[in-house]
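Chains as they are written, first to last, in our numbering: chain R, 1 to 680; chain L, 1 to 199.
If you're looking for bench data, these hints aren't it; they were derived computationally from the structure.
Among the hints, a few may not be true.
Below 30 Å or equal to it, Euclidean Cα-Cα: the simulated DSSO-like pairs (lysine-lysine) are [as the list claims (entries may be wrong)]:
#, chain 1, residue 1, chain 2, residue 2
1, L, Lys91, R, Lys222
2, L, Lys129, R, Lys346
3, R, Lys137, R, Lys520
4, R, Lys520, R, Lys435
5, R, Lys435, R, Lys222
6, R, Lys553, R, Lys539
7, L, Lys91, R, Lys435
8, R, Lys621, R, Lys601
9, R, Lys222, L, Lys129
10, R, Lys352, L, Lys93
11, L, Lys187, R, Lys352
12, R, Lys189, R, Lys553
13, R, Lys435, L, Lys187
14, L, Lys129, R, Lys435
15, R, Lys435, L, Lys93
16, R, Lys346, L, Lys91
17, R, Lys137, R, Lys539
18, R, Lys352, R, Lys222
19, R, Lys217, R, Lys346
So the chains spell out like this:
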Amino acid sequence: MSLFQIAEPGESRVKEACRGRVIGIDLGTTNSLVAVVTDGTPRCLLDEQGQALLPSVVRYQPGGPPVVGGAAKRSAAQAPHDTIASVKRFMGRGPKDLEKDGTAQRFGQYRFAPTPTSPTGEPQAAGIVRFLVAGDKGPASRSVTPIEVSAEILRQLRQRAEAELGGELEGAVITVPAYFDDAQRQATKDAGRLAGLNVLRLLNEPTAAALAYGLDKQREGKFAVYDLGGGTFDISILDLRDGIFTVMATAGDTALGGDDMDHALAELMLGQHPRRDELAAALRDDAGLGRELLDQARALKHRLSAAESAHAELRGQVLTVSRDELEAAIAPVLSRTGTPCRRALKDAELTKEELDGVILVGGATRVPAVRRFVAALFGREPLCELDPDQVVALGAAVQAELLGGESSADSTGLLLIDVTPLSLGLELMGGIVEKIIPRNSRVPTGARQVFTTYADGQTGFDLHVVQGERETADECRSLGRFTLTGLPKAAAGMARLEVTFLIDENGLLSVSARELNSGKEAHIQVKPSYGLSDEQIEKMLLDSFEYAEVDLKQRMLLEQRVEAERILAALQIALQRDGDLLPPEERARIEAAREALIAAKAGTEHRRIAECIEALDHTSKDFAQLRMNQSLNRAVTGRSLSSVEKAVHFDPDKASPEAVAEPDAAPPAPAMPRPSRAAE
Amino acid sequence: MVPARNHFEVFELPVRYALDRAQLEERYRERSRHWHPDRFSRAPAAERAAVLARATDLNEAYRVLRSDARRAQYLLQLHGIDVTREGPGSKLKVEPAFLMAILELREELAEARQTHDAARLASLAATVKARMGELERTLSDGFARLEGATDGPQDRERRAELLGELTQAVLAQRYYQRFCDELAEYKEAQAERAASPLL
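Bound conformation, chain R alone:
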């Protein structure tokens, strides 16, 4: 799909000279991606293993920079407090929001810095969330904000792009959920800045997906984009026509996604476990258990997209879950997506019959129940030809190219017209909100209000700005307080202060004010409710130089070390529990491979470590399978071995040794003849 017009002779040379390397980034809850446009076609950039997806997981450790991605994700259960996953759910949120979202506490993974209190000891409602992770001074000695965590992910993608494109980047388009409020957007932009990126634009995810779909097969018409990600849900209705993509309406829920399905499934699994009360109690203190449970739940969810039933192992117990059970557990999550869909259609003044198509976006839409739900909801089969994991990044790359590439000034090129998702309001006396910019207004958009003073000699003004549809300020999202000063002294009611609110094309708010009588610009000090001030960001930029430019090789070394530690720890437990199952020669081979890995880990060659990991994996494969069969046998009583073998489909290639890790002592295995491998 070629995008660009042939340039006029002479024009292209100038434009070529100005052209820089621009990228599109999908900063997702579960996975992040980076994409570029090459020869008119967008494509995702791959890592050294040939993977496009970078898990949005960051593992902090003392004495070095954090590890980002797959290695961090796989070792999460071992370092649950220091491994931050789904940080997007915390962007632009405050400690109070965490209390409302009980799930963060239920599978209790993170340690948070205590809520700051005012000088008089009152807890402050707003403020940014801070994770306490391992630092140079020991566990929980370092505090990081969600912005910094996100910056680590962005930095990794930036380096991937620079390596592939051969140099510094000119800019990046970063996507955000359409329903993100100003605080969440600002946090994303700050993260980009901290990661050393020039953020060209924040682009709404459904719009990015529509761009990718629109270009693919040159589609035209009115489309709904149903975007169910790891932690956020968006529904946008767009009109694609003559190269202009206009958003007609958007709605969503920034605390709803695949993660919630995982939580529901985890609860189900817990309920099925014979030792459920013991485990439920243990959850409170054992963050590793919580992490493990969620990891297992997610793996199960994926497997059930392809199979009617699947099993997982949790602390020595094999649990079997059917697709029907999964669908019952996630039904409430799906049903919650119905409300924003209704509202979006209503705001767009369309009926579902008037749509030309529905597009599915987001990894969670791979679950068959979601596809059926969307088909039923909209009365048609949804479109899903483009990879739901990649489509947003691809769209972002296209937009980046439009902004930073040759044809940006070309008025016949593609144009995106987006909207602000939430009404903007001011808090008035008595806590009521006055809406000054309605939701779904096309951006950039603005509003002006004229205020006057209520006391003689008053030289300043406080404005509390909120976003949302409710009547009272406390039911809306607080964006921040704007303090205007510098008004000339006058009698009450004499001053005429014109305040201008501007929501730009990124959906970001800026405020300016002018005193009309004198014509003077008022000075505005912004105190964001859930964000960082400019000074704080500057300080972080300075502090981060210490670890900022860790090169690719160093990063790979750290990743491999973390990976090695994880495998060695799991093997340790496996040998402790079931070492006696092994014939001596096999055990010796495994021990030798283990020693080789330990030696490699102490060195500085990341490839050597990777080789040793692979060798150890290979050597202990049979052992892992043996243990799995052993577990299955223990779980089943009163049934013949052959009937079990037929009923349970076990794929040895997918079993992971650490799935059977169990720190507590189990009763010794009964003396049984060695079971034969399950019949093919």
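Please build the complex by placing chain L on the supplied structure of chain R, with the hints as guidance.
Quick look at chain L alone, frame taken from chain R:
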């Protein structure tokens, strides 16, 4: 606030109530192809600021003109009448007879909500819809006459009268709109509770 150009001028449309939506849409698209910040992402700051202002004006004008209610309010504003100032302490007041009618409707709404009387709610919705339809015609006719009126002394009196009628109609529209919004919110809450996956 009334910017240097009024919203109609932004689109080179005549200043009147009757509007061709398709034409508004087309003119919006033509202008946004040129006046959009994304077209100037590589331009110097001063140019970007100018485009931002233009684009903002364009979107504001579009928002106002596109909605019948807002367009009517805006036209009154151009005549110096600001309906948002309605309330105690203002000379702008809705007629008492209308106020009574609205209060009665509200009482009915409250009762119907409490007893979850779907039939009654449906009938209320229909009533309000019909009345809003009447108001729409009043506005359409009224503005047409206002726009056609010439400027002699008797016409000034007639004009003032017309503006009064139109103001009352727009005020009434605002009350009915709030009513509809509340009804819609109630229905939405019901749908959510029933978790009915229907659009």
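The hints, checked one at a time:
1. The suggested pairing of L/Lys91 with R/Lys222 is violated, with an alpha-carbon distance near 46 Å, which exceeds 30 Å.
2. This hinted pair checks out: L/Lys129 and R/Lys346 have alpha carbons roughly 16 Å apart, not beyond 30 Å.
3. Restraint check for R/Lys137 and R/Lys520: not satisfied, since their Cα atoms lie roughly 51 Å apart, outside the 30 Å limit.
4. A C-alpha spacing of about 26 Å is found between R/Lys520 and R/Lys435, which places the hinted pair at or below 30 Å, so the restraint holds.
5. For a cut-off of 30 Å, the pair hint linking R/Lys435 to R/Lys222 stands: about 29 Å separates their Cα positions.
6. For the suggested pair R/Lys553 and R/Lys539, the alpha carbons sit about 27 Å apart, so the restraint of at most 30 Å is met.
7. Between L/Lys91 and R/Lys435 the CA atoms are separated by roughly 23 Å; this keeps the pair inside 30 Å, and the hint holds.
8. A C-alpha spacing of about 21 Å is found between R/Lys621 and R/Lys601, which places the hinted pair at or below 30 Å, so the restraint holds.
9. Taking the CA atoms of R/Lys222 and L/Lys129, the gap is about 27 Å. The hint holds against a cut of 30 Å.
10. Of the pairs offered as hints, the one joining R/Lys352 and L/Lys93 is violated, with about 41 Å between alpha carbons and a cut-off of 30 Å exceeded.
11. At most 30 Å may separate the alpha-carbon atoms for a hinted pair to count; L/Lys187 and R/Lys352 meet this at roughly 18 Å.
12. At roughly 28 Å between alpha-carbon atoms, R/Lys189 and R/Lys553 fall within 30 Å of each other, so this suggested pair holds.
13. At roughly 22 Å between alpha-carbon atoms, R/Lys435 and L/Lys187 fall within 30 Å of each other, so this suggested pair holds.
14. Distance restraint check for L/Lys129 and R/Lys435: the Cα-Cα separation of roughly 25 Å lies within the 30 Å cut-off, and the hinted pair is therefore satisfied.
15. Pair hint R/Lys435 plus L/Lys93 holds up; C-alpha atoms about 22 Å apart against a cutoff of 30 Å.
16. As the CA atoms of R/Lys346 and L/Lys91 are separated by approximately 36 Å, the hinted pair breaks the 30 Å bound.
17. Distance hint between R/Lys137 and R/Lys539 is fulfilled; the C-alpha atoms sit about 21 Å from each other, no more than 30 Å.
18. For the hint linking R/Lys352 to R/Lys222, the alpha-carbon distance of about 10 Å falls within 30 Å, and the restraint holds.
19. At most 30 Å may separate the alpha-carbon atoms for a hinted pair to count; R/Lys217 and R/Lys346 meet this at roughly 28 Å.
The structure fails to meet hints 1, 3, 10, 16 from the earlier list, while all remaining hints are met.
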